[in-house]
Amino acid sequence: MRIHQRLSAFLSICLLALFLGLQADPAQAHGKANVEPKIGILLVTFGTSVPEARKAYATIESKVKAAYPGVELRWAYTSRQIRHKVATEEGLRNASPAGALGRMLDDGFTHVAVQSLHVIPGQEFNDLTAIVEAFGSMPKSFERIVLGPPLLSGPEAMQALAKAVLASVPGLGDREALVLVGHGTHHLASAFYPAMQYYLQQESERAFVGTIESSPSMQDVLADLVKRKIAKAYLVPFLTVAGDHARNDIAGNEPDSWKSQLKAKGIACQPVMRGLAEDPAVVDIWVGQLGLSLKALRDEPKDNG
123 MRIHQRLSAF
133 LSICLLALFL
143 GLQADPAQAH
153 GKANVEPKIG
163 ILLVTFGTSV
173 PEARKAYATI
183 ESKVKAAYPG
193 VELRWAYTSR
203 QIRHKVATEE
213 GLRNASPAGA
223 LGRMLDDGFT
233 HVAVQSLHVI
243 PGQEFNDLTA
253 IVEAFGSMPK
263 SFERIVLGPP
273 LLSGPEAMQA
283 LAKAVLASVP
293 GLGDREALVL
303 VGHGTHHLAS
313 AFYPAMQYYL
323 QQESERAFVG
333 TIESSPSMQD
343 VLADLVKRKI
353 AKAYLVPFLT
363 VAGDHARNDI
373 AGNEPDSWKS
383 QLKAKGIACQ
393 PVMRGLAEDP
403 AVVDIWVGQL
413 GLSLKALRDE
423 PKDNG
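Start counting at 1 in the sequence shown, then tack on 122, and there's your number in my numbering.
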């Protein structure tokens, strides 16, 4: 099914490229130096069907607009399922990355900074990379298009994130712990979760990372908490927004939720229902990555001749 979906997406991009190649104004042809640059930003996230969780996107948007005034900003959701659900239930239309870029090209943008708002460089980011590369290779496309990395992009970003997350909760008492709970993936990028725990524990030995669907698992984290005789844990979504997974899998009242399982082990829980994108210090990491992309857009390409 995943191969079929990716093939369909690739064919759609090819058809879009053909259409744009036939329709585009020759003055906007790739590499034309006489076109006045029109720079745009595309923020790309997985998306959420929980209206209350979207306030996190407003935090990001306000930060980006303050940092880069005058640069037009647009949004896209990578999740087709979320786009469909939001359109069906709320009548709100959210663009796909390919659709958003196609419209930006049609609207005359010449330089675009695409910023991933994903947490790890997993399958969603891989698919986004393929789309950006496809637009970058079109004969009549943007003069330049640059993709910014997700939140966990390397040691410096993880160090900054560890400090930001720990600063967002009260000082941990002797038998208290901070537990970040991410979605998890079977992609190779799952290695970023234990890597993040390493950087967290450089700041506090009682900070842990777990995942809903992969490793480190709930049982892995529970074993550590019991071993350290933790009496209370702050459960923090390691997710861009505190959407359905945060409300149900992490903080829900169902027996298999993280909150219920920890309580069953005698560990008091305090869920912190706030997505990473609601923390200004975390958003600053994304904004900084976007700044590097905008700088790359403005820098002249190197002459390899």
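Hints may contain errors.
As the list claims (entries may be wrong) - Capping the alpha-carbon separation at 16 Å, the derived lysine to aspartate or glutamate pairs in EDC-like fashion look like this:
{"no.": "1", "residue 1": "K351", "residue 2": "E327"}
{"no.": "2", "residue 1": "K160", "residue 2": "E212"}
{"no.": "3", "residue 1": "K262", "residue 2": "D228"}
{"no.": "4", "residue 1": "K285", "residue 2": "E325"}
{"no.": "5", "residue 1": "K160", "residue 2": "E194"}
{"no.": "6", "residue 1": "K349", "residue 2": "D371"}
{"no.": "7", "residue 1": "K354", "residue 2": "E298"}
{"no.": "8", "residue 1": "K177", "residue 2": "D366"}
{"no.": "9", "residue 1": "K385", "residue 2": "D401"}
{"no.": "10", "residue 1": "K351", "residue 2": "D296"}
{"no.": "11", "residue 1": "K387", "residue 2": "E327"}
{"no.": "12", "residue 1": "K387", "residue 2": "D346"}
{"no.": "13", "residue 1": "K160", "residue 2": "E325"}
{"no.": "14", "residue 1": "K185", "residue 2": "D406"}
{"no.": "15", "residue 1": "K285", "residue 2": "D342"}
{"no.": "16", "residue 1": "K387", "residue 2": "E325"}
{"no.": "17", "residue 1": "K185", "residue 2": "D371"}
{"no.": "18", "residue 1": "K354", "residue 2": "D296"}
{"no.": "19", "residue 1": "K187", "residue 2": "E325"}
{"no.": "20", "residue 1": "K207", "residue 2": "D366"}
Said to hold, decoys possible - Derived CB-CB ranges, DEER-like:
{"no.": "21", "residue 1": "S382", "residue 2": "R420", "range": "49 to 59 Å"}
{"no.": "22", "residue 1": "H309", "residue 2": "K285", "range": "19 to 29 Å"}
{"no.": "23", "residue 1": "H206", "residue 2": "E335", "range": "38 to 48 Å"}
{"no.": "24", "residue 1": "A313", "residue 2": "A353", "range": "40 to 50 Å"}
{"no.": "25", "residue 1": "E335", "residue 2": "P159", "range": "35 to 45 Å"}
{"no.": "26", "residue 1": "R202", "residue 2": "A345", "range": "15 to 25 Å"}
I should point out that these hints are in silico values taken from the structure, not numbers from a laboratory. Since this is a predicted model, take the numbers as computed values, not measurements. Even for Gly, the Cβ is constructed at its ideal location relative to N, Cα and C.
Violations among the numbered hints: The structure conflicts with hints 2, 6, 9, 11, 13, 15, 16, 17, 19, 23, 24 and 26, although it agrees with all the remaining ones.
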